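Participant: Each chain, written out:
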Amino acid sequence: MIVALAQIAPVLGDVDKNLRLHAGLIEKAQKEKAGVIVFPELGLTGYKLRDLVGETALVPGKSRPFAELLKLSRRIAIVVGFVEESDAGHYYNSAAFLSGGRILHVHRKVFLPTFGMFEEARFFAPGRDFETFDSPLGRTGLMICRDFLHLSAGYLLQAGGAETVIVISAAPGRGSAKGGGKAFATSRMWERMGETLSFFTSSFVVYCNRAGFEDGMAFAGGSFVYSPSGRLLAKAAYAERDFVLVEADRGEVLRARRTWPWTRDDKPEVMLQALQRALLNRHED
Amino acid sequence: MKIDCAFVERVLCAFLREELGKAGFRKGILGLSGGLDSAVSAALAARALGPNNVLGLILPYGRAFSGEVKDAQDLAGRLKIRSRVLDISPMVDAYFRLVPTLNRTRKGNKMARERMSILYDFSAREKALIIGTSNKTELLIGYGTLHGDLACAVNPLGDLYKTQVRMMAAHLRLPEKFLRKKPTAGLWLGQTDEGEIGLRYEELDRILYCLVDLRQSRAEVIAQGFDRAKVERILALIKKSQFKRCLPPIAKISVRTIGHDFLYPYDWGR
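Chains A and B, in that order, give the protein sequences. Numbering follows numbering that gives the first Met the number 0, with no gaps: position 210 of the first sequence is 209. Numbering follows numbering that gives the first Met the number 0, with no gaps: position 41 of the second sequence is 40.
Next up, chain A with everything else stripped away, as it sits in the complex:
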């Protein structure tokens, strides 16, 4: 199956304009015979929303932009990032997987960065789960940006049987080292995890970041796909808009798992017991 990575720069706080941007690229990906197109974190709204969170929030399956995206998803699977408003009136930084005119899964970002330049927990409620679900890409798990940098989250998707991990991101670039490969220093961090997680869980890792600027911060781009054997299959441009197509052959998951039986030999029940004990014995720092 061909995976399309839409490394876009959304308009901050304008869902209608961003929906048109999405629709244009969905059409383009479909023409290129892609089976799925992945958009960045908060692609429908832009990232640094602050008080715009409430004004741009959508209810999955109910808000008008969803109707349009669901219609488009009859021909190509779509992973989209948006502000979700729950029945309880809470706002989440969410990702939805749409396929065949249905919402297959909504993931709410669990780890909300709130330090330094980040203030997500000030405006969003945290999600509380990492679930996997069946999609045209096999057993699939979704993560949003910072979720991916927690090894534990990747492990939970592995324990849930994920063959494909899709990460949508709005990661600003920071640090410029000489000889940094024409990228922000922080881009390396994401690639490190992509290579590691794909290899040690024998899964595809699809990472879609964004580009453009918001309030002076530059988004680092550099979206990528790693194969289940930890091989880099594609990488988008750093710090600029891009659109990348990559063939992801599901047979590679099985081939990787025959070579290195990490998933066969995993022991989630041992992890669970050990975690419970560790939590019981845990003391304040």
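By construction, these hints were calculated from the structure, which means they are not laboratory data. A few of these clues could be false.
A few chain A residues facing chain B, derived, Cβ under 10 Å [as the list claims (entries may be wrong)]:
| hint | residue |
| --- | --- |
| 1 | ASP13 |
| 2 | GLY45 |
| 3 | LYS47 |
| 4 | LEU48 |
| 5 | LEU51 |
| 6 | PHE122 |
Under the rule of at most 30 Å between Cα atoms (straight-line distance), these lysine-lysine pairs were calculated in the DSSO-like manner [what the hints assert, rightly or not]:
| hint | chain 1 | residue 1 | chain 2 | residue 2 |
| --- | --- | --- | --- | --- |
| 7 | A | LYS27 | B | LYS176 |
| 8 | B | LYS26 | A | LYS181 |
| 9 | B | LYS1 | A | LYS234 |
| 10 | B | LYS180 | B | LYS69 |
| 11 | A | LYS16 | B | LYS69 |
| 12 | B | LYS176 | A | LYS181 |
Stretches of chain B that chain A covers, calculated by requiring three or more beta carbons in the stretch to come under 8 Å of a beta carbon on chain A [to be verified]:
| hint | stretch |
| --- | --- |
| 13 | 3 to 15 |
| 14 | 261 to 268 |
Note that the structure is a prediction, hence the values are computed from the model and not measured. Here a beta-carbon is modelled for each residue, glycine too, at the ideal position from N, C-alpha and C.
Knowing the structure of chain A, use the given hints to seat chain B on it.
Facilitator: What follows is chain B alone, placed relative to chain A:
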């Protein structure tokens, strides 16, 4: 503190293009002092927007800085950007005839604000946004005039230390003389930044880099061999100039107040 200059150039040019574009502008305008920072800002703007879309205003006070005027004009010619010289002495002198002073800092600040006032008028006249030229070193130690040279619409250099701006100047192949120039705020003749601050930029930047970028404590910085008095002085300068890096506080009365809990991004809707 070394930077990948080619990558930084690419990011800063994209920043200028996109920020101006989002605000509905194609043209940029900036004050050319004849010094290093405005030369680097102008070179970046020329590359980002095209030389025809950049206007450099050269705003000397009388004839005291004729060498700087010539350097600024040479630079504009070299970058193929438009430029115009306007002498600010009639406006500044008119004011100080009414309110005389011998205080050269007040005079210098008045000149910086006169230049700002002209830049903003030309911004409206030319439908061009003002591109700032303040670097990270100056911003951190407060070495700039509030509502004077600190005023701008976008600032491409504000996260580059002076020594990094020099690296960018070399990368952008600006004439050697800009790299050799003694940095000066130009508030009066013979003034140099390093003379006034009492520190060489190389050392100042290294101490700032440790304190700010690496988040080291004062004890950690001193333990590396930096002079205690210098470190203390820099910390005091940073603290004393915080007001220049913020909007003025608004007294909170209501349940939703600008700056406190009315929180919208600068790029709202862009």
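Participant: Hint by hint, note whether the structure agrees.
Facilitator: Verification of the hints:
1. ASP13: Holds: closest Cβ of chain B sits about 6 Å from ASP13 (chain A), inside 10 Å.
2. GLY45: 8 Å, holds
3. LYS47: 5 Å, holds
4. LEU48: 7 Å, holds
5. LEU51: This hint holds: LEU51 (chain A) lies near chain B, its Cβ roughly 6 Å from the closest one there, short of 10 Å.
6. PHE122: Interface hint status for PHE122 (chain A): holds (8 Å vs cutoff 10 Å).
7. A:LYS27 x B:LYS176: 51 Å, violated
8. B:LYS26 x A:LYS181: 27 Å, holds
9. B:LYS1 x A:LYS234: With Cα atoms ~26 Å apart, LYS1 (chain B) and LYS234 (chain A) stay inside 30 Å; holds.
10. B:LYS180 x B:LYS69: 14 Å, holds
11. A:LYS16 x B:LYS69: 48 Å, violated
12. B:LYS176 x A:LYS181: Holds, at roughly 29 Å.
13. 3 to 15: n = 8 at 8 Å, threshold three: holds.
14. 261 to 268: holds (count 8)
Hint check: violations occur at hints 7, 11; the rest are consistent with the structure.
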